[in-house]
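Q: As you go down the protein sequences, you meet chains L and G in turn. Position 123, counted from 1, in the first sequence is what this note's numbering calls 123; the numbers after and before it change by one each time, with no gaps. Position 234, counted from 1, in the second sequence is what this note's numbering calls 234; the numbers after and before it change by one each time, with no gaps.
Honestly, the hints are just simulated from the structure, not real lab data. Where a beta carbon is used, it is the ideal one built from N, C-alpha and C, also for glycine. Mixed in with the good hints there might be a few duds.
[What the hints assert, rightly or not] Heads up, incomplete: computed chain L residues facing chain G, CB under 8 Å, no partners named:
(1) Ser24
(2) Leu52
(3) Gln56
(4) Gly58
(5) Arg84
(6) Arg85
(7) Asn90
(8) Ala95
(9) Arg97
(10) Asn101
(11) Gly102
(12) Asn106
(13) Lys108
(14) Arg127
(15) Thr129
(16) Gly130
Residues per chain are reported as follows:
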Amino acid sequence: MIRALLLALLTAALTACGDPRSHSQAVYVLVDTSGTYSQEAGKAQVIINYLLGTLQPGDSLAVARVESRSFSEKDIIAKATFDRRPSQANAQKRAFRDTTNGFVANVKQSRYTDITGGLLQGAEFLRETGAGTKTLIIFSDMQEELDKMTVRDFPIDLKQIRVVAINVVKLKTDNVDPRRYFGRLEAWQKRVQGAGASEWRVINDLERLDSIFGRT
Amino acid sequence: MTDAQVWMLWPENPALSLLVLALVAMVFLYAARRPVHELLSALGALIAGPLRIGARWLAATAAEMKQRNKAVLLEHGRQEVGSRVEREFERVAALVTRDLQGYPTLQRKLLDEITRIEEDYKKCGEMPPPPPDWVEAVAAVANIKTGGSEMVQGILEEIKRSVNRIHDKTLAEHRRAYESRHKILESFMPFWRSVDKTLTAVDQKLSGLQNGAAAVDAQMQKYEAIVAKTEKAEHTLTVSAFTQFAIALLVMVVAAGGAFINFKLIALPMSEMVGAGDYLTSSMRTSEVAALVIIFVEASMGLFVMEALRITHLFPRIASLGDQMRRRILWIALVLLVTLAGVEAALALMRDMLIADKQALLQSLATAPQPVAADGWVGHIPTAGQMLLGFILPFALAFIAIPLESLIHSTRTVGGVLFVALVDTAALVLRVLANVARRMARVLITLYDVAIVVPLLMDRMARAGLAAKRGTVDVEDSAWRRS
């Protein structure tokens with residue numbers, strides 16, 4: 001009894017020594033595979049490689065595709081929580097890179113674009129990781145197209161998640177009337193911030209990724 | 001009427017309003033002159049009093065601390081010089097044991113040689129037998145007149161030949177005797193040299209002993225000065241403590257640099273052991289703390305080694321242990337230190353491997369192919385250097401114990417002196433503030449009087465008139481009395 005009590009006290013003391021906050025990061029990358037945007041998948045690989053080089057042991061990363069209906073675990077191409085030992089984490093990163101390389105090489109076009117479904121799936125994954133910093137990257141033109149059966153017009157929850165739209169290319173119609181492009185981005189900003197996201201950013205220059213993931 | 005004109009009696013004439021108000025105020029201020037003066041004086045005393053008390057208390061505290069610092073400094077100096085005197089005595093004792101234990105043999109040898117020289121000298125003193133008495137007989141014979149007699153002539157000739165023969169023989173004997181004495185004298189030489197050499201050796205040994213005695217004398221003089229608690233001894237010890245403090249601090253800074261390099265060597269590979277994602281504080285990883293702990297443990301082991309070797313005396317408990325137990329502690333600390341040094345060397349190698357692995361991963365992730373450095377024997381130099389540093393630095397850190405001891409001992413003196421100076425300064429500041437408060441009260445009183453200068457002048461004039469009137473009455477009274 002006394003031994004158990006001592007053990008409990010020792011465990012409590014050791015636990016009290018540590019910082020209870022999580023310092024790890026979790027990143028969920030959504031890759032749009034619809035229509036002509038599927039040709040941009042090569043750039044997605046650059047982002048994934050950048051993340052693999054930047055994330056530290058203990059961090060989590062997942063890559064998923066945006067399809068006609070994206071709220072499904074089947075759309076997650078690769079996911080990993082890197083080991084706390086650097087050598088193991090490096091091995092995991094190599095395996096992750098090989099998996100995503102295969103996906104990018106054989107990407108299939110989808111008829112519709114369910115970005116909201118991908119956001120819901122990503123938010124679920126990020127919350128489960130329990131990471132201190134949660135980031136959801138959307139690699140898309142942000143043009144959502146849903147079939148008639150798919151229902152996505154309801155409030156979503158993105159609390160404590162920052163959402164970053166990357167490589168939001170302009171469509172042909174945007175070139176005709178740029179207000180469509182800005183209106184689309186504004187609508188997404190309102191929706192994401194309305195869902196409680198901690199931050200909304202748009203980055204079209206891939207060289208500026210450091211501003212998001214550069215650790216202080 | 002605006003708010004600014006509220007106080008004006010005649011808003012259309014501010015100057016007149018101001019003048020009337022000033023006159024009214026003067027009357028009231030004059031009436032309240034005595035209580036206001038007393039109030040200002042009391043306020044000055046109220047502020048200055050506690051400040052003066054505080055200054056006095058601080059000065060007394062500083063004096064007391066100075067006395068205490070002096071006592072500690074002298075006691076520490078006494079102990080230090082005492083141990084130095086002890087060491088000097090030990091050196092002299094060793095010198096006496098080493099050099100003078102063979103002194104009886106040396107003395108016997110010297111006496112033998114002197115005896116032999118004396119004997120030889122006596123031999124040299126043995127003169128050849130003196131010439132026989134017949135010399136006088138020869139002289140008498142030489143005076144004999146021959147008178148032309150051939151017989152006498154022949155006898156004399158015979159005597160001359162005999163004498164010449166005897167003379168030659170005697171001369172030859174005399175020469176032989178001298179020759180033998182010269183030989184004896186010549187045989188003196190090695191003995192003289194030996195005696196000279198022996199005496200020189202004795203002289204050198206005695207000089208060494210004399211030097212040792214002089215060193216003991218010098219230390220004893222210091223010791224006596226400290227025991228007598230002279231100002232000079234205190235000053236010397238204080239200056240010495242400041243010098244020790246500066247030197248120890250400098251060495252500690254250098255050692256801290258070494259510890260930092262050591263930390264950099266093992267912090268990354270420690271993440272392989274305790275994990276890279278755990279944090280103890282918001283900015284400090286567990287792996288970094290583990291690396292620091294290893295470095296501190298190494299420094300502690302070094303400290304124990306130095307204590308066990310009796311180089312430092314930070315732990316009286318270790319110093320008072322028996323030789324056997326002390327030797328055990330020395331070996332345990334040394335084995336732990338060597339083990340930790342080995343662990344550090346391995347961690348330094350792992351660090352290199354982890355960095356190479358990370359580099360390879362980044363190269364494979366890069367879109368553009370990056371040039372790969374040629375991996376020859378030159379590429380292994382940094383690895384070997386890191387391992388060597390990882391192994392050597394713990395031993396180098398072990399020597400921190402020596403400057404640390406100096407720093408701890410000298411910090412008591414330096415800190416004490418600085419604290420006394422701080423308290424003295426605070427006392428001075430309080431004294432100055434007390435004076436300022438007192439003077440300020442006087443200045444305010446004078447300013448008050450300046451503000452009511454008109455009624456004051458009138459009062460003075462009235463008093464002067466009254467006094468003059470009293471003076472006239474007094475004069476009339478005295479005249480009346482005289483009449």
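Q: With a cut-off of 8 Å, does the beta carbon of Leu52(L) approach a beta carbon of chain G closely enough for the hint to hold?
A: holds, 6 Å
Q: With a cut-off of 8 Å, does the beta carbon of Lys108(L) approach a beta carbon of chain G closely enough for the hint to hold?
A: At 24 Å from the nearest chain G Cβ, Lys108(L) fails the 8 Å test, so the hint is violated.
Q: Is the interface hint for Asn101(L) satisfied, with its Cβ closer than 8 Å to some Cβ of chain G?
A: violated, 10 Å
Q: Minimum Cβ distance from Gly130(L) to chain G below 8 Å?
A: violated, 12 Å
Q: Does Arg127(L) hold up as a contact with chain G if the rule is Cβ-Cβ below 8 Å?
A: violated, 18 Å
Q: Does Arg97(L) pass the interface check with chain G, least Cβ-Cβ distance below 8 Å?
A: Constraint on Arg97(L) satisfied, holds at 6 Å.
Q: Does the interface hint hold: is Thr129(L) within less than 8 Å of chain G, judged Cβ to Cβ?
A: Because about 12 Å separates Thr129(L) from the closest Cβ in chain G, which is outside the 8 Å limit, the hint is violated.
Q: Interface hint check: Asn106(L), Cβ to nearest Cβ on chain G, cutoff 8 Å. Holds or violated?
A: violated, 19 Å
Q: Tell me if Gln56(L) is really an interface residue toward chain G, meaning its C-beta lies closer than 8 Å to one of theirs.
A: At about 6 Å, which falls below the 8 Å cut-off, the nearest Cβ of chain G leaves the hint on Gln56(L) intact, so it holds.
Q: Under 8 Å, Cβ to Cβ, is where Arg85(L) needs to be relative to chain G, so tell me if that hint holds or is violated.
A: holds, 5 Å
Q: Is the hint on Arg84(L) kept, meaning its closest Cβ partner in chain G is under 8 Å away?
A: holds, 3 Å
Q: Hold the hint about Ser24(L) up to the distance rule: shortest CB distance to chain G must be less than 8 Å.
A: Cβ of Ser24(L) sits 5 Å from chain G, so the hint holds.
The structure fails to meet hints 8, 10, 11, 12, 13, 14, 15 and 16 from the earlier list, while all remaining hints are met.
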